[in-house]
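Participant: Okay, here's what each chain looks like letter by letter:
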Amino acid sequence: MSNSMRGQVAVAGVGETDYYKRGEAPEAEFKLALSAILRACEDAGIDPKRVDGFASYSNDRSDPSRLAAALGCEELRFANMQWGGGGGGGSGAVANAAAAIHAGLADTVVVFRALAQGQFGRFGQGPRRNTIAGDFAHTVPYGLMSPAQMFAMKVVRFMHDHGVAQEALRAISLACYHHAQANPRAVMYGRPLDEAKYDDSRWIVEPFHLFDCCLENDGAAAMVLVSAERARDLPNRPCFVLGAVAGSDYRAGASVHNTPNYASSTFKTLAPRLYDMAAVGPADVDVLQSYENFTGGVLMSLVEHGFCAPEACNDFFVKDRFLAPSGDLPLNTSGGNLAECYMHGLGLNVEAVRQIRGQSTSQVPDAEVSMVISGPMVTPVSACIFGSEATL
Amino acid sequence: MSDYYLHAGLPQPVATPLDEPYWSALRENELKIQRCISCGGWQWGPEWICHRCHGDALEFANVAAEGVLYSYERVWHPVHPALAEQGAYLVGLVELPQADNVRVVGNILGDPQQQVTIGAPVRGVFEHHEDAERPYTLLHWELR
Numbered sequence: 001m002s003n004s005m006r007g008q009v010a011v012a013g014v015g016e017t018d019y020y021k022r023g024e025a026p027e028a029e030f031k032l033a034l035s036a037i038l039r040a041c042e043d044a045g046i047d048p049k050r051v052d053g054f055a056s057y058s059n060d061r062s063d064p065s066r067l068a069a070a071l072g073c074e075e076l077r078f079a080n081m082q083w084g085g086g087g088g089g090g091s092g093a094v095a096n097a098a099a100a101i102h103a104g105l106a107d108t109v110v111v112f113r114a115l116a117q118g119q120f121g122r123f124g125q126g127p128r129r130n131t132i133a134g135d136f137a138h139t140v141p142y143g144l145m146s147p148a149q150m151f152a153m154k155v156v157r158f159m160h161d162h163g164v165a166q167e168a169l170r171a172i173s174l175a176c177y178h179h180a181q182a183n184p185r186a187v188m189y190g191r192p193l194d195e196a197k198y199d200d201s202r203w204i205v206e207p208f209h210l211f212d213c214c215l216e217n218d219g220a221a222a223m224v225l226v227s228a229e230r231a232r233d234l235p236n237r238p239c240f241v242l243g244a245v246a247g248s249d250y251r252a253g254a255s256v257h258n259t260p261n262y263a264s265s266t267f268k269t270l271a272p273r274l275y276d277m278a279a280v281g282p283a284d285v286d287v288l289q290s291y292e293n294f295t296g297g298v299l300m301s302l303v304e305h306g307f308c309a310p311e312a313c314n315d316f317f318v319k320d321r322f323l324a325p326s327g328d329l330p331l332n333t334s335g336g337n338l339a340e341c342y343m344h345g346l347g348l349n350v351e352a353v354r355q356i357r358g359q360s361t362s363q364v365p366d367a368e369v370s371m372v373i374s375g376p377m378v379t380p381v382s383a384c385i386f387g388s389e390a391t392l
Numbered sequence: 393m394s395d396y397y398l399h400a401g402l403p404q405p406v407a408t409p410l411d412e413p414y415w416s417a418l419r420e421n422e423l424k425i426q427r428c429i430s431c432g433g434w435q436w437g438p439e440w441i442c443h444r445c446h447g448d449a450l451e452f453a454n455v456a457a458e459g460v461l462y463s464y465e466r467v468w469h470p471v472h473p474a475l476a477e478q479g480a481y482l483v484g485l486v487e488l489p490q491a492d493n494v495r496v497v498g499n500i501l502g503d504p505q506q507q508v509t510i511g512a513p514v515r516g517v518f519e520h521h522e523d524a525e526r527p528y529t530l531l532h533w534e535l536r
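The listed protein sequences correspond, in order, to chains S and C.
For the first sequence, counting from 1, position 64 maps to 64 in my numbering; every step adds exactly one.
For the second sequence, counting from 1, position 121 maps to 513 in my numbering; every step adds exactly one.
Certain hints may be false.
To be verified - Here are some of the chain S residues that sit facing chain C, going by a computed Cβ distance under 7 Å:
# : residue
1 : Pro127
2 : Pro141
3 : Met150
4 : His160
5 : His162
6 : Ser201
7 : Ile204
Stated by the list, open to error - Under the rule of at most 20 Å between Cα atoms (straight-line distance), these lysine to any residue pairs were calculated in the SDA-like manner:
#  : chain 1 : residue 1 : chain 2 : residue 2
8  : C       : Lys424    : S       : Lys268
9  : S       : Lys197    : C       : Lys424
10 : S       : Lys268    : S       : Gly85
11 : C       : Lys424    : S       : Gly85
12 : C       : Lys424    : S       : Ala254
In case anyone wonders, no lab produced these hints; they're calculated from the structure.
Glycine included, C-beta positions come from ideal geometry on N, C-alpha and C.
Isolated chain S (complex conformation) (with noise of 0.2 Å):
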């Protein structure tokens, strides 16, 4: 691929608060973002000072503007907002300031979310008012409103199609809660999940049980990304991006549940371009960090990145596979949004940082490429691929 951005960029360093239980976090939110910020920087070795762009998702309220102002930055150059809710604009964060870094927008870009939901209000749970007009009218009056519902219609459908088994799911699910287990950042670090405990929990929504569904948090994450020559002159090991997409297929954004290609993560046409940038298949992951708002989410983002045939799902989605380090597709080893934190996702794209720089909790032993899908079934959704200096 010609003026292709793969391997041009690295992430310097990344930078979490503690997580906590949704409205448990004992500062602001404002104040969340920047000391994840600072601590991304210091990773990095880079003075906070110097940063010049930011980028977020999902309609982030920490204004790039005020964090300039609160940091000192003596220049922003890059203010971007993904378009989009839920996780979906994850990774896409991670290519806009790739992108503006590749092409001389900013210099040292930070990509970060932060969440309080106990101050602004939480994600999973219905409009509280009288009425109800737009798009919505047509769902929430028939009690069709979380994300969980809004998303299952699409796995029950996909489930029905190619004969998938809640077992698949449960595997997911298990994957999650072992990495969390070693990583004592993990909000459910020390509650162990097995077989029984899972078939034993409530259903939110068929095929969902509780364990199925995402944590609502509250802390921050932050990465630094400057370009690779600098990268190579900072402390870390650099982590270079080596390939970063958002965007979703024809009429995703269809109302009503309209979107044509409907049982679908909706990386139907984004995963070929992502391989195509990063010049690798899915073969060549290491270690892959697949977004979980249900674990329904995951199962249709590993068919539609070419892990696995959607007719293969019962023999493919299995425990062992997932769990570092032996499996042979090591999955969500932080604890993920199941069970480390629900940061929107952004954990996910810093632990697979972690797992190119050797710092996992679960580490995989020589993990070159490391894969990061964020925000199925919403639109747009995104991906990004990490590798070593030795992938370039």
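With chain S fixed as given, assemble chain C onto it according to the hints.
Facilitator: Showing chain C alone in chain S's frame:
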């Protein structure tokens, strides 16, 4: 109240300029879906222009309230106070073969624990909420 499929108290639908003919038609026990006058194509949810030919001459045309169940879900966890005592309920996604297979959402009437089969033919049932401050009608579905 007890005649409604779901307990009262959920947000009530209010028409917008874009979907007003749909809501008005439901009041009259009719299903109207948006159709392009120029190319004859159906689309749902409603848009300001036709996504096929980009014409902006759009009408709402009658469609028989008969469809095919495209997907469904059985909801257990109440995410709204009005549903706290509801128990499980079924939501269906119904394709309308007479309107280019556009899909509409409605509840599937009957026992919430019933076996539901994707691909099953379904028939529309109009549920009139006359006691609402601004009366409105929902469209549910039952197995044919």
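Participant: For every hint, state whether the structure bears it out.
Facilitator: Results of checking the hints against the structure:
no. : hint                  : in the structure
1   : Pro127                : holds, 6 Å
2   : Pro141                : holds, 5 Å
3   : Met150                : violated, 10 Å
4   : His160                : holds, 5 Å
5   : His162                : violated, 12 Å
6   : Ser201                : violated, 11 Å
7   : Ile204                : holds, 4 Å
8   : C:Lys424 <-> S:Lys268 : violated, 32 Å
9   : S:Lys197 <-> C:Lys424 : violated, 47 Å
10  : S:Lys268 <-> S:Gly85  : holds, 19 Å
11  : C:Lys424 <-> S:Gly85  : violated, 30 Å
12  : C:Lys424 <-> S:Ala254 : holds, 18 Å
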